[in-house]
Amino acid sequence: MRELALNILDIAENSVSAGATLIEIEVRADFEKDEMSITIGDDGCGMDEEMLQRVTDPFTTTRTTRKVGMGLPLFKYSAESAGGSFQIRSEKGKGTQVCATYRISHVDRMPLGDYGGVVLQLVTMNPQVNFRFIAGDGERSGTLDTRELREVLGEDIPLNSVEVRAFLKEYIQENLVDIFGGRL
Amino acid sequence: MKSLEELRALREKMKSQTDNRSVAGSEETVIKVGMATCGIAAGARPVLDALLDEADKRHLHNVSISQTGCIGMCRLEPIVEVFKDGQKFTYVHMTADKARKVMNDHVVNGNPCQEYLISEN
Chain A
37 MRELALNILD IAENSVSAGA TLIEIEVRAD FEKDEMSITI GDDGCGMDEE
87 MLQRVTDPFT TTRTTRKVGM GLPLFKYSAE SAGGSFQIRS EKGKGTQVCA
137 TYRISHVDRM PLGDYGGVVL QLVTMNPQVN FRFIAGDGER SGTLDTRELR
187 EVLGEDIPLN SVEVRAFLKE YIQENLVDIF GGRL
Chain B
236 MKSLEELRAL REKMKSQTDN RSVAGSEETV IKVGMATCGI AAGARPVLDA
286 LLDEADKRHL HNVSISQTGC IGMCRLEPIV EVFKDGQKFT YVHMTADKAR
336 KVMNDHVVNG NPCQEYLISE N
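Chains as they are written, first to last, in my numbering: chain A, 37 to 220; chain B, 236 to 356.
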């Protein structure tokens, strides 16, 4: 993984697999404190205490085909190797919340990367899930909620139709540039 | 800057257009891109983007592109599966450029890109 955006995509895909109906992803930056945080929360199936203890071990996975699961360990490592921290909370039947923090100026902090592309992919490739994205730097902030988008579009026009996708691509990119302006 | 007002306008425009999409799709081609940790780390996102972009550019309405989990051969990622004419084609070690070629040669023109298929790798 070379971008934090790819880590976000990977963890959000876990939430999709966990049967979530709403996934909230928040990226916040505080340039004065030199800190940023990424929080991904879902209302999926969650996990029990015993699984939670083992979940950041790369040799833990819910898959049955093999015994390796690298998503969460890589995300954890991305934070801890960049002067940050990692937390995961989960409750069986309620959902899971993952939070990673970073020191923005740390030499080993991965760049955020093409986060706009990841947001677009999550929104358009998972029609059964609602997403709420929040981005902010303390002064400016923005929210994208697919429930709001669906309300505007009505039932007959899907989020993944060509025209809507083209609109969203620019809409997301412009707003992200306005908030973070390439600083992450 | 774009606002949700524009999305509202777009919706009105789309509603007034007659949708000829449902008429076009007789034989659907299904394309799946592996998007688990292994796929993402190997570069599956640019591959998916390229496939979607080509489908948009060529107005391919009888092609369905979606993502899937780990296909099971992590070392061969990014993997793209094409289901066409009742057969499954597994393309491995894909890149955005290879994906565009598969769209052109295989999906549109019906000639599988033999050199990218798993049997050749």
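A few of these clues could be false.
Taking lysine-lysine pairs in the DSBU-like style, the calculated list, with each CA pair at most 30 Å apart, reads [stated by the list, open to error]:
id : chain 1 : residue 1 : chain 2 : residue 2
1  : B       : Lys-333   : B       : Lys-292
2  : B       : Lys-336   : B       : Lys-319
3  : B       : Lys-248   : B       : Lys-292
4  : B       : Lys-323   : B       : Lys-336
5  : B       : Lys-336   : B       : Lys-267
6  : B       : Lys-323   : B       : Lys-333
7  : B       : Lys-237   : B       : Lys-250
8  : A       : Lys-130   : B       : Lys-323
9  : A       : Lys-69    : B       : Lys-319
10 : B       : Lys-248   : B       : Lys-237
11 : B       : Lys-292   : B       : Lys-336
12 : B       : Lys-336   : A       : Lys-205
13 : B       : Lys-267   : B       : Lys-319
14 : B       : Lys-333   : A       : Lys-69
15 : A       : Lys-205   : B       : Lys-319
16 : B       : Lys-292   : B       : Lys-267
17 : B       : Lys-323   : B       : Lys-237
18 : B       : Lys-267   : B       : Lys-333
19 : A       : Lys-205   : B       : Lys-267
20 : A       : Lys-69    : B       : Lys-248
21 : B       : Lys-250   : B       : Lys-292
22 : B       : Lys-319   : B       : Lys-292
23 : B       : Lys-248   : A       : Lys-205
24 : B       : Lys-292   : B       : Lys-323
Among chain B residues calculated to face chain A with C-beta under 8 Å, some are [said to hold, decoys possible]:
id : residue
25 : Asp-284
26 : Asp-288
27 : Ser-301
Please keep in mind that the hints were generated in silico from the structure rather than gathered at the bench.
We put the beta carbon where it would ideally sit given N, CA and C, even for glycine.
We went through each hint and held it up to the structure:
1. B/Lys-333 / B/Lys-292: Judged against 30 Å, a Cα distance of about 16 Å means the pair holds.
2. B/Lys-336 / B/Lys-319: holds, 16 Å
3. B/Lys-248 / B/Lys-292: holds, 20 Å
4. B/Lys-323 / B/Lys-336: With Cα atoms ~17 Å apart, B/Lys-323 and B/Lys-336 stay inside 30 Å; holds.
5. B/Lys-336 / B/Lys-267: Answer holds: B/Lys-336 to B/Lys-267 is near 16 Å, not above 30 Å.
6. B/Lys-323 / B/Lys-333: holds, 18 Å
7. B/Lys-237 / B/Lys-250: holds, 20 Å
8. A/Lys-130 / B/Lys-323: Given that 30 Å is the threshold and the Cα spacing comes to 38 Å, the pair is violated.
9. A/Lys-69 / B/Lys-319: violated, 54 Å
10. B/Lys-248 / B/Lys-237: holds, 17 Å
11. B/Lys-292 / B/Lys-336: holds, 14 Å
12. B/Lys-336 / A/Lys-205: Since the Cα atoms of B/Lys-336 and A/Lys-205 sit roughly 24 Å apart, the hinted pair holds (cutoff 30 Å).
13. B/Lys-267 / B/Lys-319: holds, 12 Å
14. B/Lys-333 / A/Lys-69: violated, 44 Å
15. A/Lys-205 / B/Lys-319: holds, 29 Å
16. B/Lys-292 / B/Lys-267: Status holds; Cα separation ~19 Å.
17. B/Lys-323 / B/Lys-237: violated, 41 Å
18. B/Lys-267 / B/Lys-333: holds, 15 Å
19. A/Lys-205 / B/Lys-267: holds, 21 Å
20. A/Lys-69 / B/Lys-248: Roughly 46 Å separates the two Cα atoms, so the pair is violated.
21. B/Lys-250 / B/Lys-292: holds, 21 Å
22. B/Lys-319 / B/Lys-292: Judged against 30 Å, a Cα distance of about 20 Å means the pair holds.
23. B/Lys-248 / A/Lys-205: holds, 18 Å
24. B/Lys-292 / B/Lys-323: holds, 24 Å
25. Asp-284: holds, 7 Å
26. Asp-288: violated, 10 Å
27. Ser-301: holds, 7 Å
In summary, the numbered hints that this structure violates are 8, 9, 14, 17, 20, 26.
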